[in-house]
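S.K.: Using the sequences provided together with the hints, build the complete structure.
Residues per chain are reported as follows:
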Amino acid sequence: MKDLIEKLTEDFKISDVVYQRPDLAFVTVPKGVAISLVTELRDFEGFSHFVMMSCVDWIEEGKFQLLYLLHNPKTKTDVGVKTFIDRENAEMASAHHLWKQVWTYQRELKEAFGIDFPGSPRVDENFVVEGWTEMPHMRRDFNTKEYSQNTYFPRPGRETNDPAEYMRKKLYPNEPITAKKQDNDK
Amino acid sequence: MINKFLGFEPDKDKLPSLTAKIGDDIDLSSHKYQKIWLGPNHPGVTGNMAVELWVQGNTVVKAKTHVGYLHRGFEKLIERRLFVQGFPTSIRMCVAEPDTNEYLIATCTEQLSGYDKAVPEMAKWLRMLSLEMARLQGLLRGVPGQGGTFALGLGVQWGVYLRDLILDRFEELTGARVYHMYIIPGGVRGLLPDGFKERMEDNLRDIDDFIIRIRKLMFHNSVFKKRAKGLARITPDMVDKYGIVGTNARGCGVKRDVRKDHPYLHYDQLDFDPPTDTDGDIYARTWVRWQELIQTVDLIRQIMAKMPEKGDIKAEMPNVLHWKIPKGETYVRLESGRGEYGMYYVTDGSAKPRRVNLRGPSYTHAIALLEDMLVGADVADVHAIMVSLQTCPPEIER
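Here the protein sequences line up with chains A and B, keeping their order.
Residues in the first sequence are numbered from 1 upward in steps of one, following our numbering.
Residues in the second sequence are numbered from 187 upward in steps of one, following our numbering.
Honestly, the hints are just simulated from the structure, not real lab data.
Even for Gly, the Cβ is constructed at its ideal location relative to N, Cα and C.
One or more hints might be untrue.
[Stated by the list, open to error] Incomplete in silico selection of chain A near chain B, CB under 8 angstroms: (1) S54; (2) H97; (3) Q101; (4) V128; (5) V129; (6) G131; (7) T133.
[What the hints assert, rightly or not] Think about it this way: if two alpha-carbon atoms lie no more than 20 angstroms apart in a straight line, the pair counts; the simulated PhoX-like pairs of lysine-lysine are: (8) A:K74 - B:K513; (9) B:K441 - B:K427; (10) B:K513 - A:K76; (11) B:K500 - B:K262; (12) A:K2 - A:K13; (13) B:K500 - B:K513; (14) B:K303 - B:K510; (15) B:K310 - B:K446; (16) B:K218 - B:K262; (17) A:K63 - B:K446; (18) B:K402 - B:K250; (19) B:K383 - A:K74; (20) A:K76 - B:K538; (21) B:K262 - A:K145; (22) B:K496 - B:K383; (23) A:K31 - A:K74; (24) A:K63 - A:K13; (25) B:K510 - A:K76; (26) B:K500 - B:K446; (27) B:K427 - B:K411; (28) B:K446 - B:K262; (29) B:K496 - B:K513; (30) A:K63 - B:K513; (31) B:K303 - B:K427; (32) B:K415 - B:K402; (33) B:K427 - B:K310; (34) A:K145 - B:K496; (35) B:K492 - B:K383; (36) B:K221 - B:K250; (37) A:K74 - B:K446.
M.R.: If you want it as structure tokens, here you go:
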């Protein structure tokens with residue numbers, strides 16, 4: 001694994017390598033060469049199995065981290081190719097021509113993070129949230145709690161309880177709260 | 187062609203020849219095609235998923251998978267909670283085998299926090315037992331379920347009864363029938379109850395009997411054989427192209443099994459060889475699963491025989507309410523009943539994960555692969571094809 005990454009470092013401008021396990025390494029490359037490296041790994045280094053594609057929102061840095069995780073069935077090793085793209089007008093070259101399932105990942109990333117993959121089939125179709133008009137729901141700045149409070153009205157008769165206190169009232173309504181129990185609560 | 191039994195030409199043959207390909211604009215107003223929705227609520231559909239079908243006569247010319255009916259944003263919810271609070275949420279990402287999620291999220295947090303070496307031996311055996319029990323209950327539903335798609339309902343009833351017995355064992359081991367929360371960071375929640383092994387052995391004997399009966403019911407059945415043979419064939423060259431894993435890959439001769447390729451827990455101490463077939467059709471995939479049923483029963487017996495009688499079940503872990511994990515990322519995989527099941531987990535040094543992303547086999551099997559496989563299929567075979575790929579919508583929507 002180490003030899004392979006050293007061999008590719010110069011050509012593909014690999015800037016950061018993390019060996020998470022002996023069989024798993026993550027490498028970081030510039031946006032422009034990510035698909036080339038993925039293609040090289042698939043066609044010449046035996047990483048024929050596309051495990052998954054993922055995105056991490058590093059909102060503090062204004063970046064999305066895209067991950068292409070590839071597996072080599074012969075050497076039983078995995079390489080995660082990472083690249084960072086701007087959060088604003090996020091766009092990445094499509095890799096749908098490499099594996100049949102890649103367009104599904106890109107379609108999901110378009111919907112969930114707002115990253116565009118021009119040319120990817122059905123990239124603008126809804127994936128899991130039909131008719132969604134808010135900001136992409138997997139971005140860090142999308143507040144799920146605020147959204148649900150604004151969208152759904154409170155159900156009458158619903159209240160919030162402390163679980164321990166509620167169970168005590170329900171199971172032992174007549175039992176006075178002893179000093180020991182109060183200490184335990186603290 | 188004149189049907190020799192009917193004595194006349196069936197309507198299907200009078201229809202225009204199939205000219206549409208995937209992506210072609212199909213003109214419904216031409217009256218040559220019809221659009222039908224299969225699901226989201228349909229007994230033949232695996233879970234809440236819909237397949238939009240364009241048909242010409244009985245033949246599917248285009249298909250689209252629609253998911254989202256179960257979307258509750260599990261990954262997002264986990265990212266907004268403490269590490270330990272992610273557990274009850276994660277197990278719901280796959281109802282068919284929830285224990286796989288427990289193992290993945292526990293192992294990811296252990297690896298990133300440096301506690302992976304601290305998991306006690308006894309806990310590893312118990313984790314393996316619960317994972318194999320999960321596989322067994324899934325297969326008890328899945329193998330006869332394939333017969334059910336060809337109207338062979340009896341086996342399904344047998345399977346559901348026996349699955350319930352395994353759920354009884356889960357209940358006494360973990361306190362819950364479906365969502366167990368048994369595998370936790372650092373180990374497991376409890377030891378085997380007294381008499382557990384004997385009761386499990388009783389159940390396994392019943393399952394041994396079922397395995398013989400289901401073989402006769404399904405694989406000796408001419409209707410099943412005639413419909414499943416040659417249908418929805420996966421060829422070895424499709425495996426990498428589509429990311430096919432598990433029994434779907436092994437059914438066409440590509441022997442990939444995470445338990446063998448990347449041994450985790452104590453799978454390297456168990457004696458087993460993943461079954462394969464070469465035909466790659468529904469019959470072959472079901473046959474591989476049937477053999478896996480035998481193997482899983484054997485693995486549970488091996489685990490119960492080899493596991494120590496007692497020992498620590500949980501490592502000393504930090505207070506879960508104040509647990510912070512250093513910045514890092516990892517990918518952990520296991521072999522679920524449906525194939526490679528993995529989790530990409532990213533931490534940023536805070537008390538909550540930065541990103542949790544599940545990689546379920548259905549993500550590729552139920553969308554890219556299913557949509558292509560349905561083209562040219564008879565509309566009556568759609569359920570069978572879908573079930574044969576073992577699609578599980580919750581792991582797609584997360």
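S.K.: Give a verdict on every hint.
M.R.: Status of each hint after checking the structure:
Because the smallest distance between the Cβ of A:S54 and any Cβ of chain B comes to about 4 angstroms, under 8 angstroms, the interface hint for this residue holds. Here the hint on A:H97 is broken, as its CB sits about 11 angstroms from the closest CB of chain B, past 8 angstroms. Here the hint on A:Q101 is kept, as its CB sits about 4 angstroms from the closest CB of chain B, short of 8 angstroms. Annotation: interface hint on A:V128 holds; nearest CB of chain B at approximately 4 angstroms, less than 8 angstroms.
Proximity of A:V129 to chain B holds as hinted, the smallest CB-CB distance being about 6 angstroms (cut-off 8 angstroms). A least Cβ separation of about 10 angstroms between A:G131 and chain B goes past the 8 angstroms threshold, and the interface hint is therefore violated. A least Cβ separation of about 15 angstroms between A:T133 and chain B goes past the 8 angstroms threshold, and the interface hint is therefore violated. A hinted pair counts as satisfied when its Cα atoms are at most 20 angstroms apart, and A:K74 with B:K513 does not qualify at roughly 31 angstroms.
Straight-line distance between C-alpha atoms of B:K441 and B:K427 comes to about 16 angstroms, which keeps the hinted pair within the 20 angstroms bound. A threshold of 20 angstroms between alpha carbons decides the hint, and for B:K513 with A:K76 the separation of about 26 angstroms lies outside it, so the pair is violated. Annotation: proposed proximity of B:K500 to B:K262 is violated, straight-line Cα distance about 28 angstroms (limit 20 angstroms). Restraint check: the Cα-Cα separation between A:K2 and A:K13 comes to about 15 angstroms, which is no more than 20 angstroms; the hinted pair holds.
For a cut-off of 20 angstroms, the pair hint linking B:K500 to B:K513 is broken: about 24 angstroms separates their Cα positions. With a CA separation close to 18 angstroms, the supplied pair B:K303 and B:K510 stays within the 20 angstroms bound. For the given pair, B:K310 sits about 17 angstroms from B:K446 by alpha-carbon distance, which is consistent with the 20 angstroms threshold. Note on B:K218 and B:K262: the hinted pairing is violated, with a Cα-Cα distance of about 44 angstroms set against a maximum of 20 angstroms.
A distance of roughly 38 angstroms separates the Cα atoms of A:K63 and B:K446; the hinted pair therefore is violated under the 20 angstroms criterion. Distance hint between B:K402 and B:K250 is unfulfilled; the C-alpha atoms sit about 36 angstroms from each other, more than 20 angstroms. With a CA separation close to 38 angstroms, the supplied pair B:K383 and A:K74 exceeds the 20 angstroms bound. Proximity of A:K76 to B:K538 is assessed by CA-CA distance (about 31 angstroms); at most 20 angstroms being required, the pair is judged violated.
For the proposed pair B:K262 and A:K145, the alpha carbon gap of about 11 angstroms is at most 20 angstroms, so the pair holds. A hinted pair counts as satisfied when its Cα atoms are at most 20 angstroms apart, and B:K496 with B:K383 qualifies at roughly 13 angstroms. Distance restraint check for A:K31 and A:K74: the Cα-Cα separation of roughly 28 angstroms exceeds the 20 angstroms cut-off, and the hinted pair is therefore not satisfied. Our distance criterion of 20 angstroms between C-alpha atoms is met by A:K63 and A:K13, whose separation comes to about 19 angstroms.
Pair hint B:K510 plus A:K76 does not hold up; C-alpha atoms about 31 angstroms apart against a cutoff of 20 angstroms. Only pairs whose Cα atoms come within 20 angstroms are accepted, and B:K500 paired with B:K446 is rejected, the gap being roughly 26 angstroms. At roughly 28 angstroms between alpha-carbon atoms, B:K427 and B:K411 are farther apart than 20 angstroms, so this suggested pair is violated. Taking the CA atoms of B:K446 and B:K262, the gap is near 32 angstroms; set against the 20 angstroms cutoff, the hint is violated.
Annotation: proposed proximity of B:K496 to B:K513 is violated, straight-line Cα distance about 35 angstroms (limit 20 angstroms). With a C-alpha separation of about 17 angstroms, the suggested pair A:K63 and B:K513 falls inside the 20 angstroms cut-off, and the hint holds. Pair hint B:K303 plus B:K427 does not hold up; C-alpha atoms about 36 angstroms apart against a cutoff of 20 angstroms. Restraint check for B:K415 and B:K402: satisfied, since their Cα atoms lie roughly 16 angstroms apart, inside the 20 angstroms limit.
Pair hint B:K427 plus B:K310 does not hold up; C-alpha atoms about 35 angstroms apart against a cutoff of 20 angstroms. Restraint check for A:K145 and B:K496: not satisfied, since their Cα atoms lie roughly 45 angstroms apart, outside the 20 angstroms limit. The suggested pairing of B:K492 with B:K383 holds, with an alpha-carbon distance near 12 angstroms, which does not exceed 20 angstroms. The suggested pairing of B:K221 with B:K250 holds, with an alpha-carbon distance near 11 angstroms, which does not exceed 20 angstroms.
Annotation: proposed proximity of A:K74 to B:K446 holds, straight-line Cα distance about 13 angstroms (limit 20 angstroms).
Taken one by one, the earlier hints fail for this structure at numbers 2, 6, 7, 8, 10, 11, 13, 16, 17, 18, 19, 20, 23, 25, 26, 27, 28, 29, 31, 33, 34, listed in ascending order.
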